[in-house]
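Protein chains: 2
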Amino acid sequence: MNHETYMRMAIEEAKKANAVDEVPIGAVVVRHGAVIGRGHNLRESDQNPLMHAEVVAINEASKAIGSWRLEDCILYVTLEPCVMCSGAIVMSRIPTVVYGAHDPKGGCSGSLMNLLQESRFNHQATIINGVLHDECSQLLKDFFKALRKKKSFEKMNKLNNSLS
Amino acid sequence: MNHETYMRMAIEEAKKANAVDEVPIGAVVVRHGAVIGRGHNLRESDQNPLMHAEVVAINEASKAIGSWRLEDCILYVTLEPCVMCSGAIVMSRIPTVVYGAHDPKGGCSGSLMNLLQESRFNHQATIINGVLHDECSQLLKDFFKALRKKKSFEKMNKLNNSLS
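The listed protein sequences correspond, in order, to chains A and B.
Residue numbering for the first sequence follows our numbering, beginning at 358 and increasing consecutively.
Residue numbering for the second sequence follows our numbering, beginning at 358 and increasing consecutively.
The hints are simulated quantities; they were obtained by calculation from the structure and are not laboratory data.
It is possible that some hints are incorrect.
A pair holds if it fits inside one copy or across any two, identical chains being indistinguishable in the list.
Simulated crosslink set (DSBU-like; lysine-lysine; CA at most 35 Å straight-line) [as the list claims (entries may be wrong)]:
no., residue 1, residue 2
1, Lys-462, Lys-420
2, Lys-373, Lys-420
3, Lys-373, Lys-502
4, Lys-372, Lys-508
5, Lys-462, Lys-508
6, Lys-372, Lys-515
7, Lys-420, Lys-515
Values in this document were obtained by computation on a predicted structure and should not be read as measured data.
Just chain A, same shape as in the assembly:
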């Protein structure tokens, strides 16, 4: 299977986040062709800062193989990893990271900085980006558009109530 196949699985994870009103980000960890970890963003639902898609997937993957070293794994994630998730990738020695959309505001796997290829760390990862970029990006755009609409509606309702 190619990168797009696994990215579609990460997108399915992102849709699970979307379904519970979380920012739609999803990830899967693949080893020798098998998915050994899946995760989607659950920060708000769980009220836990660690519950990013990548961290959830890495946690599941390490439990699946009984090792903290995910050395022969590929992480697929719909959005460029943030500072914490880039760090978790370095700490778990994942050699290849494939992501969909760039995150110019918070991405630390190439945008703001590139923690996955920092020569002073004892691990560097290969990065493949832009896989199913448009689909990954559209999910996020739709989510934030709906959120703005909801907030605007709530604001208008509040104003109406205060005037009535």
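Using the hints provided, position chain B relative to the given structure of chain A.
Using the frame of chain A, we list chain B on its own:
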């Protein structure tokens, strides 16, 4: 209570790691004077790359208060946070981080880089370092000295066995 009092609690956590042959690093999260999260390094025992002292303590703290925002908390940790833990601090909005020993090889809260005070992120933390530095550092030195001794002994034993 002052910073040293809480750092002693982090050191107690580090000793728990030491007792199970883990690199002795400990952390506590304090809110309004109360400890709401504790953690010690359990990477090898749990075979989980996420089980650094700070991540364990942040997880416990966010569960304790039912929020991902640890906005009025102080994190105490015996060793300068790594890339992943610095990222977890940024993601949990912890405003103050107090650490004991510097980590010139992997520290990302001032040594290799300073992710806690990166102006492009939407959160920056105050850093107080060097609190009980010698005690925090000595714990690590003793651990690695014992580890080297153990490895050297095992090597010698192996050599003896191959010659006998």
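Item to complete: Return the numbers of the hints above that this structure violates; sort them in rising order.
Response: none
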